[in-house]
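Protein sequence lines, in the order shown, are assigned to chains A and B. Under our numbering, the residues of the first sequence are numbered 1 to 292, in order. Under our numbering, the residues of the second sequence are numbered 293 to 584, in order.
If you are wondering where the hints come from, they were derived from the structure by calculation, not from laboratory data. Where a beta carbon is used, it is the ideal one built from N, C-alpha and C, also for glycine. Don't take every hint at face value.
To be verified - To be clear about the criterion: a stretch of chain A counts as covered by chain B if any three or more of its residues have a C-beta under 8 Å from a C-beta of chain B, and this derived list gives those stretches:
1) 68-82
2) 205-216
What the hints assert, rightly or not - Computed list of chain B residues with no C-beta within reach of chain A, every gap over 12 Å:
3) 355
4) 371
5) 470
6) 495
7) 522
8) 527
9) 572
As the list claims (entries may be wrong) - Ranges between beta-carbon positions, derived for each pair:
10) 563(B) / 51(A): 57 to 67 Å
11) 394(B) / 283(A): 29 to 39 Å
12) 394(B) / 13(A): 22 to 32 Å
13) 112(A) / 402(B): 34 to 44 Å
14) 297(B) / 135(A): 54 to 64 Å
Listed here are the chains, written in short residue letters.
Protein chains: 2
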Amino acid sequence: MRGGLTIQYHVDGELIDRGEATVSVDDRGFRYGDGAFETCRVYGGRVFLWDRHRSRLRRTCEALGMADAVPEDIDDRIDETLAANGLSEAYLRVSVTRGVQPGKLTPDERVDPTVVVYVDSLQRGGTAGDPVWDAPAAVERVRTRRVPDAALPAGAKTHNYLNGILARLELRGRDADEALMCDTDGCAAEGATSNVFFVEDGALRTPELGSVLPGITRETTIELAERAGLTVETGRYAVERICDADEAFLTNTTWEIRPIARLGEREVGGGPVTGALRAAYDELVERRCYGG
Amino acid sequence: MRGGLTIQYHVDGELIDRGEATVSVDDRGFRYGDGAFETCRVYGGRVFLWDRHRSRLRRTCEALGMADAVPEDIDDRIDETLAANGLSEAYLRVSVTRGVQPGKLTPDERVDPTVVVYVDSLQRGGTAGDPVWDAPAAVERVRTRRVPDAALPAGAKTHNYLNGILARLELRGRDADEALMCDTDGCAAEGATSNVFFVEDGALRTPELGSVLPGITRETTIELAERAGLTVETGRYAVERICDADEAFLTNTTWEIRPIARLGEREVGGGPVTGALRAAYDELVERRCYGG
Chain A
1 MRGGLTIQYH
11 VDGELIDRGE
21 ATVSVDDRGF
31 RYGDGAFETC
41 RVYGGRVFLW
51 DRHRSRLRRT
61 CEALGMADAV
71 PEDIDDRIDE
81 TLAANGLSEA
91 YLRVSVTRGV
101 QPGKLTPDER
111 VDPTVVVYVD
121 SLQRGGTAGD
131 PVWDAPAAVE
141 RVRTRRVPDA
151 ALPAGAKTHN
161 YLNGILARLE
171 LRGRDADEAL
181 MCDTDGCAAE
191 GATSNVFFVE
201 DGALRTPELG
211 SVLPGITRET
221 TIELAERAGL
231 TVETGRYAVE
241 RICDADEAFL
251 TNTTWEIRPI
261 ARLGEREVGG
271 GPVTGALRAA
281 YDELVERRCY
291 GG
Chain B
293 MRGGLTIQYH
303 VDGELIDRGE
313 ATVSVDDRGF
323 RYGDGAFETC
333 RVYGGRVFLW
343 DRHRSRLRRT
353 CEALGMADAV
363 PEDIDDRIDE
373 TLAANGLSEA
383 YLRVSVTRGV
393 QPGKLTPDER
403 VDPTVVVYVD
413 SLQRGGTAGD
423 PVWDAPAAVE
433 RVRTRRVPDA
443 ALPAGAKTHN
453 YLNGILARLE
463 LRGRDADEAL
473 MCDTDGCAAE
483 GATSNVFFVE
493 DGALRTPELG
503 SVLPGITRET
513 TIELAERAGL
523 TVETGRYAVE
533 RICDADEAFL
543 TNTTWEIRPI
553 ARLGEREVGG
563 GPVTGALRAA
573 YDELVERRCY
583 GG
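Start from the sequences and build out the full structure, keeping to the hints where you can.
Dropping the structure here:
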């Protein structure tokens, strides 16, 4: 609720009060998690790095065999949703599912996708205030392994999110807020909703693509680091190297760049590299979204 | 539609026309595929092996950290659904999701589940007619690997079904109707919606638990085979052994026991063991559901 007004979502072309926004129980997004999504931040009324999110949404749909499922007017739907809710600082989620099809698992080539634009108010943080997170992250290594690329394409961001949910369930009763999963070989992969970075010998390191989601914030952070003259390496790393690192942080669209206070029993924390990257990220947001 | 009447589903305690049956777009079943389900057959007005399906549904919910999500009156809801639709030969699906929770990935311990009972008419086949499938299965080995147990518990039947969908998508343009997935080590695992069996040297063999869904029809078939004095072995097998087998078949609740006509280029087919098991399965259905 914003000042007594109900948030409206955009469902299949129509704005509708959040509490009334529904999909068919036969929607394949519900029956099978057969859909793609993106989570974005809106700063100053602009969807930050939307071109990149839209491209990844298309790639996910391609991976799901429904290359043309993202509607051509998706940008208009997003604009309408933000305008209707009067939101300029917001969380935004776009979901595109395979919609309702006859009751067989094998997808039909003709797709009438279900498209949902979700929004909610989310204050900026960053240079203009406090970050969206309350404190640096407390991270635990969990037993749940990251689903391998050979089973579900690592680059696809889909409604099949139980892997991350099971990872987070392992945190019950533990004072932690992110779960670090390893790949099936035991190398560090990613958090349930975040990519992980660490600083060792002055270089920035992060698990390589193929075993992690190609996070938009991950990619942006790598570019900012390279532009700042830092050495950036991607590879496969034991969790112990992150524990022993000089600095470590998580990235995702909502958190932006969030230092890791501890990983298991080991205190890690941010530092000068993390701080410089956070400042560079804030400047990028400022330049792109506030014309500053 | 049955004689002009619309099928009704049972959604959160209410019977509702299929076309009007919806869930919130904020339901975690939709956002994340965060739910459990079962597919059953109804013969003669009785849900075949419902006790086993209900037990597995509970085990899946336990694996998802919502042990008590299956409502106590689930049997009544199913009975009401069958009665309202006047169906005695039917397909039945029961879904239990984590419902709507505040917008975080980490599940809240308090669960108000969403419970959907789906039905549709499905004639019996078996001893009383033709099987539900038109012909023995044409199976292709696919590249998509079965999600390992370490990433998602193999015993859990969840709304995260993209693994099987991606496997089926590989069949596009190929004249096949089931996709055989291997595990990450390259051993035969299971079909997108079926378990696989083969007969070699007179013994019945099937991939072991841990890399396959513990199918109710798989379990029943093993019991029937043992009761008939057959040697049954579970293990890890190369796909080539199935290609070279004397007989091979698939099992699932809808298909029951379905011979494999071919696997890739190799013709396999049913035979005396498959035939005897199919007859025993039909007799079990007869005894349990028709009091015959």
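Evaluation of the provided hints:
no. : hint                        : in the structure
1   : 68-82                       : violated (count 0)
2   : 205-216                     : violated (count 0)
3   : 355                         : violated (8 Å)
4   : 371                         : holds (19 Å)
5   : 470                         : violated (9 Å)
6   : 495                         : holds (30 Å)
7   : 522                         : holds (30 Å)
8   : 527                         : holds (21 Å)
9   : 572                         : holds (27 Å)
10  : 563(B) / 51(A): 57 to 67 Å  : holds (58 Å)
11  : 394(B) / 283(A): 29 to 39 Å : holds (32 Å)
12  : 394(B) / 13(A): 22 to 32 Å  : holds (27 Å)
13  : 112(A) / 402(B): 34 to 44 Å : holds (36 Å)
14  : 297(B) / 135(A): 54 to 64 Å : holds (58 Å)
In this structure, the earlier hints numbered 1, 2, 3 and 5 are contradicted, and the remaining ones agree with it.
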